[in-house]
Amino acid sequence: MKIFIIIPAYNEEKRIAQVLKELSVLPYEVVVVNDCSVDKTAEIVRNFQVTLLNHKINRGQGAALQTGNQYALSHGADIIVHFDGDGQFLVAEIADFVTQIHNGYDIVFGSRFLGKKSDVPKIKNNIIFPIARLVNLFLGIRLTDPQNGFRAFSKKAAQFVQIENDGAAHCSEISAKAFKNKLKIKEIPIFVQYHRFGQSFLTSRGRGQSGLQIIIDLLFNKITK
Amino acid sequence: MMWLQIFITFLVVLIWIKIFKQWQQNKVGLVSFLIWFVLWLAILLVFWQPDITTYLANFLGIGRGADLIVYLSIILIFYLIFKIFIRLDKTDKLITKLVREDAIKNGEKR
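Protein chains in written order, with the working numbering: chain A, -1 to 223; chain G, 197 to 306.
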């Protein structure tokens, strides 16, 4: 059984080495999608036994994940796991996602609100999440965590769910498509370790990544799709 | 008013030449060329015969000719913004597709 870990990376030189080091002892095929980083992310990734896909133009996290999905599917993936390159997620928890796919679920979402206590930044808790929850309500998404990047797909789910939103609103898009296609969905508790950088409301670490841009994307995509 | 009319006429003729050249070089289709030609002709007519707008406005139940021009302009601007938005969105998706294909094709496996 081929398990692919997809890591979208944009300027992750400070933390990606640690993540890849932890992953290197596990039996997974790791694919890093370097979304046109301007730092040394690509050079660092080349030191590890992983696949590196380089976006020549920054396209956003959603686009990078879809690139990873397509690559994994074309290389015989049975399970695809989306994982962050900034060390916010725990490598040990990947096994929980894989177990649920083995149990027959098509798509497994991580949740910060199912028991394990994460120190969620105020801006996310008080502004982004309420709006995301409202948008999700309209989209018919019933999940406890509206914006979580830790998820796993069965091969079937990855084929069904094509990520079209290049920015950070892909979280809602993936959930909406999973519910729309009546996939077998499971939410499991995860722990998220937040770092100070990358949580800004106005400034962005990549295309469509600032809090404000996520909100615009969420609202705008609801209107236009 | 006379100087403004001459200036506008000069400007419209320049625009006509430009869109005619674009049509000749296949940069715009015949329909687009005709639409832009007629649109600028209408603008020219309004500047030389402003009363036309009053007749039209009265016919459409709008009080003044100037109001009609403002309404039509707003509709046209919104339509153009919408068209540009659709085109931008399409271009954006195509860029992502190209970038993705390139990334997968030139993937580095270790």
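Source of the hints: derived by calculation from the structure; they are not laboratory data. A hint or two may mislead.
[Stated by the list, open to error] Pairwise CB distance ranges, derived in the manner of DEER restraints:
| # | chain 1 | residue 1 | chain 2 | residue 2 | range |
| --- | --- | --- | --- | --- | --- |
| 1 | A | P119 | G | L284 | 27 to 33 angstroms |
| 2 | A | K54 | G | L226 | 36 to 42 angstroms |
| 3 | G | L230 | A | N179 | 53 to 59 angstroms |
Note that beta-carbon positions come from the ideal geometry of N, C-alpha and C, so glycine has one too.
Here is what the structure says about each hint:
| no. | hint | in the structure |
| --- | --- | --- |
| 1 | A/P119 with G/L284: 27 to 33 angstroms | holds, 32 angstroms |
| 2 | A/K54 with G/L226: 36 to 42 angstroms | holds, 37 angstroms |
| 3 | G/L230 with A/N179: 53 to 59 angstroms | violated, 45 angstroms |
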